[in-house]
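Same order as they appear, the protein sequences are chains R and E.
Straight run, no breaks: the first sequence in the working numbering ends on number 513.
Straight run, no breaks: the second sequence in the working numbering ends on number 513.
Chain E stretches covered by chain R per the calculated footprint, using a threshold of three residues with CB under 8 Å from any CB of chain R:
#1 98-111
#2 141-148
#3 261-272
Hints are computed from structural coordinates only; laboratory data are not their basis.
In this text, all values refer to a predicted model and were calculated from it rather than measured experimentally.
By construction, the Cβ of each residue, glycine as well, lies at the ideal position given by its N, Cα and C atoms.
This is what each chain is made of:
Protein chains: 2
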Amino acid sequence: MAQFTCRTIDILTGHRTVLVNRKDCEHVDIRAHDRVNLRKGDRSATATVDTTTTIVHVGEIGITNDLIPELGVNEGEIIDVSLLPAPASASFIRKKVMGHKLSKDEIYSIVEDAVKGVLTDVEMAGFLMAQHFLGMTDEEEVWLTRAMADTGEKIDFEKPVYDKHSVGGVPGNKVSLLIVPIIASAGLLIPKTSSRAITSPSGTADTMSVLAPIEFSAAELKKVTLKTGGAIVWGGGLHLAPADDIFINVEHPLRVDPEPQMIASIMAKKLAVGVDFMVLDLPVGQEAKIPSSDEGRRLSFKFINMGDKLGIKVRCGITYGGQPVGYTVGPALEAREAFEALEGHGPASLIEKSTSLAGMLLELGGKAVRGGGQELAKQILASGKALGKMREIINAQGGDSKIQSIGIPVGQCKAEIVAPCDGYITHVSNAAINQIARAAGAPIEKGAGIILHGKEGHKVSKGQTIMEILGERDSRVDEAYGLAVKLAPISIEGMLLQEVSSD
Amino acid sequence: MAQFTCRTIDILTGHRTVLVNRKDCEHVDIRAHDRVNLRKGDRSATATVDTTTTIVHVGEIGITNDLIPELGVNEGEIIDVSLLPAPASASFIRKKVMGHKLSKDEIYSIVEDAVKGVLTDVEMAGFLMAQHFLGMTDEEEVWLTRAMADTGEKIDFEKPVYDKHSVGGVPGNKVSLLIVPIIASAGLLIPKTSSRAITSPSGTADTMSVLAPIEFSAAELKKVTLKTGGAIVWGGGLHLAPADDIFINVEHPLRVDPEPQMIASIMAKKLAVGVDFMVLDLPVGQEAKIPSSDEGRRLSFKFINMGDKLGIKVRCGITYGGQPVGYTVGPALEAREAFEALEGHGPASLIEKSTSLAGMLLELGGKAVRGGGQELAKQILASGKALGKMREIINAQGGDSKIQSIGIPVGQCKAEIVAPCDGYITHVSNAAINQIARAAGAPIEKGAGIILHGKEGHKVSKGQTIMEILGERDSRVDEAYGLAVKLAPISIEGMLLQEVSSD
Numbered sequence: 011m012a013q014f015t016c017r018t019i020d021i022l023t024g025h026r027t028v029l030v031n032r033k034d035c036e037h038v039d040i041r042a043h044d045r046v047n048l049r050k051g052d053r054s055a056t057a058t059v060d061t062t063t064t065i066v067h068v069g070e071i072g073i074t075n076d077l078i079p080e081l082g083v084n085e086g087e088i089i090d091v092s093l094l095p096a097p098a099s100a101s102f103i104r105k106k107v108m109g110h111k112l113s114k115d116e117i118y119s120i121v122e123d124a125v126k127g128v129l130t131d132v133e134m135a136g137f138l139m140a141q142h143f144l145g146m147t148d149e150e151e152v153w154l155t156r157a158m159a160d161t162g163e164k165i166d167f168e169k170p171v172y173d174k175h176s177v178g179g180v181p182g183n184k185v186s187l188l189i190v191p192i193i194a195s196a197g198l199l200i201p202k203t204s205s206r207a208i209t210s211p212s213g214t215a216d217t218m219s220v221l222a223p224i225e226f227s228a229a230e231l232k233k234v235t236l237k238t239g240g241a242i243v244w245g246g247g248l249h250l251a252p253a254d255d256i257f258i259n260v261e262h263p264l265r266v267d268p269e270p271q272m273i274a275s276i277m278a279k280k281l282a283v284g285v286d287f288m289v290l291d292l293p294v295g296q297e298a299k300i301p302s303s304d305e306g307r308r309l310s311f312k313f314i315n316m317g318d319k320l321g322i323k324v325r326c327g328i329t330y331g332g333q334p335v336g337y338t339v340g341p342a343l344e345a346r347e348a349f350e351a352l353e354g355h356g357p358a359s360l361i362e363k364s365t366s367l368a369g370m371l372l373e374l375g376g377k378a379v380r381g382g383g384q385e386l387a388k389q390i391l392a393s394g395k396a397l398g399k400m401r402e403i404i405n406a407q408g409g410d411s412k413i414q415s416i417g418i419p420v421g422q423c424k425a426e427i428v429a430p431c432d433g434y435i436t437h438v439s440n441a442a443i444n445q446i447a448r449a450a451g452a453p454i455e456k457g458a459g460i461i462l463h464g465k466e467g468h469k470v471s472k473g474q475t476i477m478e479i480l481g482e483r484d485s486r487v488d489e490a491y492g493l494a495v496k497l498a499p500i501s502i503e504g505m506l507l508q509e510v511s512s513d
Numbered sequence: 011m012a013q014f015t016c017r018t019i020d021i022l023t024g025h026r027t028v029l030v031n032r033k034d035c036e037h038v039d040i041r042a043h044d045r046v047n048l049r050k051g052d053r054s055a056t057a058t059v060d061t062t063t064t065i066v067h068v069g070e071i072g073i074t075n076d077l078i079p080e081l082g083v084n085e086g087e088i089i090d091v092s093l094l095p096a097p098a099s100a101s102f103i104r105k106k107v108m109g110h111k112l113s114k115d116e117i118y119s120i121v122e123d124a125v126k127g128v129l130t131d132v133e134m135a136g137f138l139m140a141q142h143f144l145g146m147t148d149e150e151e152v153w154l155t156r157a158m159a160d161t162g163e164k165i166d167f168e169k170p171v172y173d174k175h176s177v178g179g180v181p182g183n184k185v186s187l188l189i190v191p192i193i194a195s196a197g198l199l200i201p202k203t204s205s206r207a208i209t210s211p212s213g214t215a216d217t218m219s220v221l222a223p224i225e226f227s228a229a230e231l232k233k234v235t236l237k238t239g240g241a242i243v244w245g246g247g248l249h250l251a252p253a254d255d256i257f258i259n260v261e262h263p264l265r266v267d268p269e270p271q272m273i274a275s276i277m278a279k280k281l282a283v284g285v286d287f288m289v290l291d292l293p294v295g296q297e298a299k300i301p302s303s304d305e306g307r308r309l310s311f312k313f314i315n316m317g318d319k320l321g322i323k324v325r326c327g328i329t330y331g332g333q334p335v336g337y338t339v340g341p342a343l344e345a346r347e348a349f350e351a352l353e354g355h356g357p358a359s360l361i362e363k364s365t366s367l368a369g370m371l372l373e374l375g376g377k378a379v380r381g382g383g384q385e386l387a388k389q390i391l392a393s394g395k396a397l398g399k400m401r402e403i404i405n406a407q408g409g410d411s412k413i414q415s416i417g418i419p420v421g422q423c424k425a426e427i428v429a430p431c432d433g434y435i436t437h438v439s440n441a442a443i444n445q446i447a448r449a450a451g452a453p454i455e456k457g458a459g460i461i462l463h464g465k466e467g468h469k470v471s472k473g474q475t476i477m478e479i480l481g482e483r484d485s486r487v488d489e490a491y492g493l494a495v496k497l498a499p500i501s502i503e504g505m506l507l508q509e510v511s512s513d
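So that you can see chain R by itself, here it is in the shape it has in the complex (with noise of 0.2 Å):
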């Protein structure tokens, strides 16, 4: 136990932070990142240390606003301070660190924490970094799962509930918005939470705000649920496995995602809102998430093993990733082309990707026979009967149940590429599209985004156009348009290779 003297600071941090000059740690067994107990009088109180070499000097402390009210404390007041043992959990962090398997109530314990805001970014990259490097047992990763979830909010529809999930990486999969009303269509529930773009230029979620609001509490996406059998929500709003934003901030700086954390991930989120069913799109490609059709299997084995375990029936389906689906990217111009598929008149690829995952759903709810899915589908998507179910959707979410394709507003400033020659579209850069669309201003300009008008294997001649970029801001555009020369994200090749010479 030490004694400091009292600097007060007169600010609200959110954390239980103090700080001590970092000469003292020299002198007394305190740390950056210890827990300490901080004693005046009797009063005391829980904190983490902080070091400065400037802010206070030997020998004193800074005490926050977050703390002053606690210790009735003031400037220039002697306290005790004393350092506590670090919490259990991270001495679980520490046995996996050092190659042991971790327990049920471990790793429940490590999750807490992290939720409570207990553990420190450090103990946490610790654990993360331990999953990366050792992986976790298929035992350990059912428990990390469960934590996960029962650790946030959890909605119970008290019926089956039947789930779309793409594990994303592709421009444009605005499938969601076809998938979603034609299960529906069919009696099946299907209460889609989704998230907002963090490095594309649109995610489900996004796209789904240019027709409806997308902010709802569990109960609110309950009973939009029960009354149109569908829903496409923000999943960050919910509170579902809320673990998972804390572990994935303190991946980000690493740019690792452990594969146990995360299958953790996705499939805490659907244990949390009571799936049971559930299709899973893996796109495959070099600019994808997942490079190899052989990759894709192996995942596709582990999420089907997990899911038995976890109790959710899942089958996946291996898509082709290595350029956009469909014509658009970008929130407005997503939500558009979904909106004509939905009205009969969408691009056959998008049609061809949302129908066979669908129909794979509507097996699994016996709504089909093997095989019989997407024939179903297709059906109820020709019939109509998915865009009346989408309109009630859009009007149960608070949207205008009256919207058309035709009446979604996109960017007004225009900036468009042509071929520089004849030949064959040979490759669609997924990574340099995204990059060109974010630029233009999506997701945030919900109107920003491209259009193209060729994809692989398309003919096109010299000066015509191969892309639209489309933003709310002409300087935006114009950014778009120098990246977009310079990262070439469509590439041309002559098919030289027909042509047989007889010199």
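Given chain R, work out where chain E should sit, using these hints.
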């Protein structure tokens, strides 16, 4: 890029951190730990993002006094915030995390940015965890060591420099106070930099601080050493290898000490003071840092090999670390015992360990033939030359050169532990002795500590004093006494095996 409304926060934190509401992170591509550029008119600054749910609202950015003068920004004004790419060093850390070997330039970049404060704790945790799980190649270790030395203060003594270092972990290890004057008496240069106690009751720096000031600049250390041949100072004041403390602060909460980092930490400080010859004390014992002789030998070869590559000739001494060295623990008590040994009446075990390590240095320095070093060291000690030299050093460091062991003040409050039965001491617990001495007030209260009246193998009678606890305050001695009763640091057994019954 995004725009935020400034919320000024009137404190200096010493960090270039801005606060953003966590909700904004969902909309804008900015997350905790990201670096951002802040721009207001023609002024700009860089900062790291911290997130909050309370201090600033959505759309606001919290800016502390650290950044306000640079930006010339006022409460309520709008500033532009754009994401900066992570520094190259962060990508090198990710490269290591992904299992790739780092180049010299990459390692220098990481260490330089750690020292400049550019890397976040989570990024540094990634670097240290990668070392923990993957190790480093010899080449990487050499670069890490050189980079740590090159990013701090360096001293050139312009003569061969000798040094003794202990890996630590054993209480009462005051051997440097004998070795330094012995070596300096023989005409070799030994500028000993040492640490204060972190988890032990007294580091060499704490013990020396009883006899003379220990905080010096590099120039002052050079002056003292060139004048007397030796010095014993606190390394922390010299700014040698400053990356070490930075990395230790991150390792500490995870309780990991990756071997490459441990070796680099020691060797970088030796490089920084230009050590040419070095003897390394590796105490081995159940409660020491090194549990077995095999492990001691493995580490010895590692240090010798690393020394070769760094141009430092290393010899290692594996010593017995199963119980405290000598009979005293705590700054003043250890200083007094070391002085008694210099005066010719110290305990045999202390003299044996000190002269054997000193002897190895004398052999390295060509002052004795191989095998003859310890004898020479004993002669120097017995002749009183080492005592005279120690007084010269104390004088040069600003202490009282007439000091005698009898004049060193120790704690006046006292408690005694007596043997609960007749028998032989079978074990003295390092861990328990450390805890009790710290409870008594060591190392902050210099007179506090422990005097042992027996060690392993000694025969004791019931009621005989086997240990004294000294302190400067009764309350702390009482606390330490209570702890001693609970921990029973000295085990006594009846040696019943020697009794043969004829019944």
